[in-house]
Amino acid sequence: MKNFMNNLFGKKNRGRTFSFLMVIAVYIFVEVLTHSFRVSRLFTSLLVPTCCYIVLGLSLNLVVGFSGELSLGHAGFMAVGAFSAVVVSGLTSSIIANDIIRLIISIIAGSIISGLFGLIISVPVLKLSGDYLAIVTLAFGQIIKSIINNIYLGYDANGMQFSFVTNTLNLENGKMLLSGPMGATDTAKISNFTSGSILILITLFILYSLINSKYGRAIMAARDNRIAAESIGINVSKTKTLAFVTSAVLAGASGALYALNYSTLQPAKFDFNTSILVLVYVVFGGLGNINGTIIATTILYILPELLRSLQDYRMLIYAIVLIVVMQMTNSSKLKQFVESIRNKFFKKGEKA
Amino acid sequence: MKKLLLVLLSLLCVLSLAGCGNSNGNSGNEGGNGGSEEGAATVTVKLGCSGPLSGDAKVYGEAVRNAAQIAVDEINASGSEIKFDFFMEDDQADPEKAVAAYSTLYDKGMQVSLFTVTSGAGAAVAANYDEDKIFAITPSGSATSLVYTDDKNFAGNFQMCFTDPNQGVAAADYMATHFADKKIAIIYKSDDVYSSGVYEKFVAEAAAKNLNVVYKDGAFTSDSATDFATQLTAAQSAGADLVFLPIYYQPASTILKQANDMGYAPTFFGVDGMDGILTLEGFDTSLAEGLYLLTPFAADAQDDLTKNFVSTYESKFGETPNQFAADAYDCVYAIHQALRDAGVNADYNFDNLYNDIVAQFNSMTFNGLTGENMTWAENGEVSKAPKAVVITNGVYVSAD
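These protein sequence lines are chains A and B, in that order.
To convert, note that position 159 of the first sequence is 159 in the working numbering; the numbers rise steadily by one, no gaps.
To convert, note that position 208 of the second sequence is 208 in the working numbering; the numbers rise steadily by one, no gaps.
Hints in this document: simulated from the structure, not taken from any laboratory.
Do not rely on the hints blindly, as some may be mistaken.
To be verified - When the alpha-carbon atoms are kept at most 30 Å apart in a straight line, the in silico BS3-like pairs for lysine-lysine are as follows:
| hint | chain 1 | residue 1 | chain 2 | residue 2 |
| --- | --- | --- | --- | --- |
| 1 | B | LYS384 | B | LYS182 |
| 2 | B | LYS58 | B | LYS257 |
| 3 | B | LYS46 | B | LYS133 |
| 4 | A | LYS175 | B | LYS183 |
| 5 | A | LYS335 | A | LYS11 |
| 6 | B | LYS46 | A | LYS175 |
| 7 | A | LYS189 | B | LYS108 |
| 8 | A | LYS11 | A | LYS333 |
| 9 | B | LYS257 | B | LYS183 |
| 10 | A | LYS238 | A | LYS214 |
| 11 | B | LYS133 | A | LYS175 |
| 12 | A | LYS344 | A | LYS11 |
| 13 | A | LYS189 | B | LYS182 |
| 14 | B | LYS58 | B | LYS46 |
| 15 | B | LYS46 | A | LYS189 |
| 16 | B | LYS216 | A | LYS189 |
| 17 | A | LYS333 | A | LYS344 |
Said to hold, decoys possible - According to the in silico footprint, chain B covers these stretches of chain A (three or more CB under 8 Å from chain B):
| hint | segment |
| --- | --- |
| 18 | 144-150 |
| 19 | 262-271 |
To be verified - Every beta carbon over 12 Å from chain A, so not counted as near; a handful from chain B, in silico:
| hint | residue |
| --- | --- |
| 20 | ALA77 |
| 21 | GLU96 |
| 22 | GLN111 |
| 23 | ALA143 |
| 24 | LYS209 |
| 25 | PHE283 |
| 26 | GLN302 |
Cβ atoms here follow ideal geometry from the backbone N, Cα and C, with glycine treated the same way.
Turn these sequences into a full structure, and let the hints guide you.
Put into structure tokens, the structure is as follows:
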């Protein structure tokens with residue numbers, strides 16, 4: 001029993017346990033709240049997108065925080081996952097009546113396709129050293145957006161039709177799945193908060209399993225000192241590829257969940273700004289800090305909506321909050337202060 | 001510690017400032033409601049709207065807000081039994097934010113709505129309005145997906161402006177009668193729903209009307225919206241003497257500037273997104289001389305309704321209202337007319353509101369700033385005559 005408790009709450013695993021407990025506690029709290037009280041529509045409408053951005057932030061943290069590479073095109077992977085999921089969900093809507101099964105299939109399809117793209121990109125690029133991944137992912141995000149902007153895909157009784165750049169589809173009583181810049185319209189909304197929370201838990205499980213494994217230690221060793229890692233026989237490009245592809249898979253899953261929460265989805269949503277926004281969430285929460293990413297994403301995503309009552313000033317205040325927190329987390333005096341409080345409490349706790 | 005205090009203090013200052021702005025806005029509203037005390041029994045209908053009040057497209061959102069506020073104030077000050085409580089939320093023209101804005105409006109108890117100002121945002125919430133049975137009429141969201149989709153018609157969603165396809169057709173029609181012998185080039189934004197919607201229909205209609213389109217591959221995207229040298233050179237070398245720009249006014253202003261710099265002076269022709277180019281900050285309006293645009297509203301029209309509206313708008317907000325403003329003004333009055341004819345009064349049972357107002361819009365005829373004898377089809381599209389204006393000496397002049 002003591003061993004078990006130590007395994008859960010020991011110094012090494014405290015963060016992991018806290019992550020899972022936090023997500024489960026928030027989930028239960030929100031479910032109780034939404035089912036027993038009349039909560040505002042705004043609150044319920046923010047639940048699923050928050051889950052999506054948390055998963056996306058966690059997946060980006062794996063690349064930026066743990067693997068030490070910079071990805072500037074994570075919205076691209078999200079877009080691949082999102083549009084794959086919309087297509088899969090649209091095609092299977094007549095075959096599979098159950099929303100939950102269709103959602104699971106769509107998310108799996110979205111993450112696999114996104115993972116394939118991640119593999120294609122990372123295999124050649126991660127063999128190079130330096131900041132090449134940042135440049136390539138930046139281009140990838142733009143290219144993916146442009147490609148999806150030009151895809152026309154639909155189906156009718158005779159099967160699927162596809163055209164590129166100009167719309168030459170000739171459907172008889174069919175349905176357009178993707179229509180160029182208009183993206184996907186009329187998607188069935190099958191995501192919900194439960195599926196979002198489960199996806200976060202799965203993401204956490206994958207991340208902690210990876211980080212605490214032999215491969216995870218190799219990933220961090222390669223980040224801290226490439227030459228030293230190579231000298232002890234770690235295949236650096238292989239470990240970095242592993243981290244990057246895992247990240248792409250998770251980003252795809254996040255995109256799939258996101259896409260199936262809205263009735264319309266336009267490729268223009270997944271632009272450079274979205275990639276940077278998520279990078280801000282990750283940096284704000286702390287590189288390599290999983291709990292930090294979850295909390296920072298939640299706060300930063302919800303803050304602009306909470307400030308709605310301030311009308312014209314809300315984006316100004318959002319920016320000020322960002323700058324102030326970034327400054328404060330960087331100030332050494334404040335860090336010492338927090339550290340001293342932490343030592344006081346936790347040292348006592350460990351003795352007892 | 002001193003630094004920290006400084007930061008906190010400055011934050012407090014900003015917050016208190018924000019508070020000021022807020023209370024000012026509210027007092028304006030209360031002033032409007034004050035008129036209701038004198039009449040007999042009045043009923044207040046909550047009118048919501050979402051649109052871009054920050055970001056790239058904020059000119060549209062602000063125009064709609066200002067004009068709707070004028071209409072609401074006029075109605076509240078009049079002897080009408082129906083008063084409006086108008087509130088607007090910012091959606092930054094982003095579909096994701098539009099859903100949050102819609103939810104906020106819903107939480108505030110919105111009963112009828114001016115929908116959204118932009119198309120992309122509107123498409124994201126069209127199904128929400130339909131599900132919650134809230135009547136909505138958009139002043140300027142022109143995509144068809146706001147009012148119907150391939151397999152569903154949103155019964156309570158209506159449009160005050162033309163749909164994108166109809167604008168493409170109207171532009172081709174106008175050119176066929178007025179510029180039949182011109183060589184036409186098209187520059188459009190391929191990743192924009194609005195622009196590509198107009199473009200596709202225009203190309204099809206131009207072919208049917210035997211217009212001489214010499215260059216139609218002038219696509220650009222939001223990432224390449226700063227340099228148009230390639231498209232302009234191609235249009236010039238193809239010998240085009242009319243350039244059709246079915247785009248919003250910001251990239252159009254850059255095109256006008258760059259064409260001027262390279263000494264290329266064809267006739268430029270825009271649709272309703274071009275509206276607003278004269279109020280763009282830092283834009284030399286002399287470049288827009290001779291620019292044609294298709295818009296249902298010309299601020300120089302001599303009828304009383306237009307004159308009153310333009311003078312009120314100018315005195316309140318210091319600029320000439322554009323077509324978005326006029327459409328928003330019409331929306332509020334159309335809703336008012338529908339409510340009045342549906343018999344909404346102090347004893348009215350608001351459970352019937354949705355069905356009653358939809359029935360009114362399907363059958364009524366409305367006269368407003370943007371057209372006479374407007375009617376609405378079952379699918380929510382408006383039917384009215386388009387007008388072309390040409391910019392002369394820095395103002396719109398009707399071109400016929």
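Outcome of the hint check:
1. With a C-alpha separation of about 27 Å, the suggested pairing of B/LYS384 with B/LYS182 holds against the 30 Å cut-off.
2. Restraint check for B/LYS58 and B/LYS257: the C-alpha separation of about 22 Å stays at or below 30 Å, so the hint holds.
3. For a cut-off of 30 Å, the pair hint linking B/LYS46 to B/LYS133 stands: about 14 Å separates their Cα positions.
4. Distance check on the hinted pair: A/LYS175 and B/LYS183 sit about 37 Å apart at the alpha-carbon level, beyond 30 Å; violated.
5. For the proposed pair A/LYS335 and A/LYS11, the alpha carbon gap of about 20 Å is at most 30 Å, so the pair holds.
6. For the hint pairing B/LYS46 with A/LYS175, the CA-to-CA distance comes to about 37 Å; that exceeds 30 Å, so the pair is violated.
7. Between A/LYS189 and B/LYS108 the alpha-carbon distance is near 24 Å, which keeps this suggested pair within the 30 Å criterion.
8. Restraint check for A/LYS11 and A/LYS333: satisfied, since their Cα atoms lie roughly 25 Å apart, inside the 30 Å limit.
9. This hinted pair checks out: B/LYS257 and B/LYS183 have alpha carbons roughly 21 Å apart, not beyond 30 Å.
10. Proximity of A/LYS238 to A/LYS214 is assessed by CA-CA distance (about 13 Å); at most 30 Å being required, the pair is judged to hold.
11. Between the alpha carbons of B/LYS133 and A/LYS175 the distance comes to roughly 25 Å, so the proposed pair stays at or under 30 Å and holds.
12. This hinted pair checks out: A/LYS344 and A/LYS11 have alpha carbons roughly 16 Å apart, not beyond 30 Å.
13. A hinted pair counts as satisfied when its Cα atoms are at most 30 Å apart, and A/LYS189 with B/LYS182 does not qualify at roughly 48 Å.
14. Our distance criterion of 30 Å between C-alpha atoms is met by B/LYS58 and B/LYS46, whose separation comes to about 23 Å.
15. Annotation: proposed proximity of B/LYS46 to A/LYS189 holds, straight-line Cα distance about 28 Å (limit 30 Å).
16. The hinted pair formed by B/LYS216 and A/LYS189 fails the criterion: a straight-line CA distance of about 37 Å is larger than 30 Å.
17. At most 30 Å may separate the alpha-carbon atoms for a hinted pair to count; A/LYS333 and A/LYS344 meet this at roughly 17 Å.
18. A count of 4 residues in the segment 144-150 of chain A with a Cβ less than 8 Å from any Cβ of chain B is obtained; the coverage claim is therefore met, three being the minimum.
19. Counting residues of the segment 262-271 of chain A whose CB lies closer than 8 Å to any CB of chain B gives 9, which reaches the minimum of 3, so the coverage claim holds.
20. Listed as outside the interface, B/ALA77 is consistent with that label: its C-beta sits roughly 24 Å from the nearest C-beta of chain A, beyond the 12 Å cut-off.
21. Not every C-beta of chain A lies more than 12 Å from that of B/GLU96, the closest at about 6 Å, which undercuts listing it as non-interface.
22. At the 12 Å boundary, the C-beta of B/GLN111 stays outside the reach of chain A, the nearest C-beta of that chain being 15 Å off.
23. In this structure B/ALA143 is not separated from chain A by more than 12 Å, as the shortest Cβ-Cβ distance comes to only about 8 Å.
24. At roughly 20 Å, the least C-beta separation between B/LYS209 and chain A is larger than 12 Å, which holds for a residue marked as non-interface.
25. Annotated as non-interface, B/PHE283 keeps its C-beta farther than 12 Å from every C-beta of chain A; the closest such distance is 23 Å.
26. No Cβ of chain A comes within 12 Å of the Cβ of B/GLN302; the nearest lies about 36 Å off, and the non-interface call holds.
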